[in-house]
Every structure is written in structure tokens, then in C-alpha cells.
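S.K.: Sequence:
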Amino acid sequence: VGNGRTRIRVNLDLPRDITVIAYLAAHEGYPGHHLDHITKERTLVQEAALGEATLRTMNTPESMLAEGLADVAREVVMTDLELTAELRTIAGEAGIAAARPELANAPAAMGAMRELMDAANGNAAIMLHHDARPAGEVEEYLLDTTARRPDLVAQSMLVLTDPIGRTYPFT
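When you line the sequence shown up against my numbering, it's residues 663 to 833, in that order.
Read the hints as simulated data drawn from the structure, not as lab findings. Be careful, since some hints might not be right.
Mimicking EDC-like on lysine to aspartate or glutamate, the simulated pairs with C-alpha atoms at most 20 Å apart in a straight line are [as the list claims (entries may be wrong)]:
no.: 1; residue 1: Lys702; residue 2: Asp733
no.: 2; residue 1: Lys702; residue 2: Glu690
no.: 3; residue 1: Lys702; residue 2: Glu714
no.: 4; residue 1: Lys702; residue 2: Glu729
no.: 5; residue 1: Lys702; residue 2: Asp679
Start from the sequences, fold in the hints, and give me the full structure.
M.R.: Written out as C-alpha cells, the structure reads:
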């Protein structure tokens, strides 16, 4: 919204797993996209008078760098042990009975799952747009490979079939 402020909107139509909270907060907030945007606003727009820097581009090198920085944001602000402790607190406050070993393994599981999802979404985009595979076949691939619920796979398919979003998995 400018002046060092960011509005973050989260789609709550689909349920979120508790382990995504810290990743999402860091990715979208601090030190992820929020920090990227306010740094550019200050250095490029206010100090260098480059008003064109207020535009956010998709499917460009800038987008790839922004997503890469945001993807590692959680590790910048929080160790795996700190994340485990925070998840335990969040689970307790939410009244969720989570087993200690389950939460202790959460950071590693989150990283492995994110890598799997990224690879599967990239493969799905190639299947759809390069190999011209039917959408139903690609959806089955995502269901089998990622073990995600059908509603989450359907959401991925919306992005993958969107003319602008179809290359997003590669950023």
C-alpha cells in the first residue's frame, strides 16, 4: 500500500496446515515480500525517483529473485528449533493436540514437502504446456505424486491453466 506498509491477503477458502503458518508469514511478510517491496520503495522510488519500480512484474527475472528470497525467508528469521517451539505454542493455543516427535520433524518435513510440490508443479506445467497432456491426466499426476487433497490439486490446476500463472512454478 506504500509508505512502508503492506497488505497481505491469504486465501482462506482452502484449509491450511499448521506447519505452513511460519513459512507463509515469513514468505509474505518479514523478511520476504514485504521487506523486498519496502526496500525497493525506499531505494528505487523515493531516493532514486524511479517510479517504474512500483510495478510488480510476473514471470521475469525480478519475480524469480523475489520468490527465491521469500522462499528462504523463514530460515533467515527462525532456526528449525525455534520453529518447532513456535509451532508447539501455536498448536497449544489453538487447542490442537500435536505429538512432540511430529512437531520436531516439522521443519524437515516442510522443506521436503515444498521441494516435492515445486518439482511436481513444474512437471505438471511441462506436461500441460509442452507435452500437451490432457488436464485430467495432469491432475491425476499431481494427486498421485503429491498426495494432496483434490481441492488443493484443483487450486494448482487453476494456476497452471491460467495464461499468466502457467509459468509461475518456475519462478
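S.K.: Against this structure, judge whether each hint is valid.
M.R.: Checked hints:
no. : hint             : in the structure
1   : Lys702 to Asp733 : 18 Å, holds
2   : Lys702 to Glu690 : 15 Å, holds
3   : Lys702 to Glu714 : 11 Å, holds
4   : Lys702 to Glu729 : 15 Å, holds
5   : Lys702 to Asp679 : 32 Å, violated
The structure fails to meet hint 5 from the earlier list, while all remaining hints are met.
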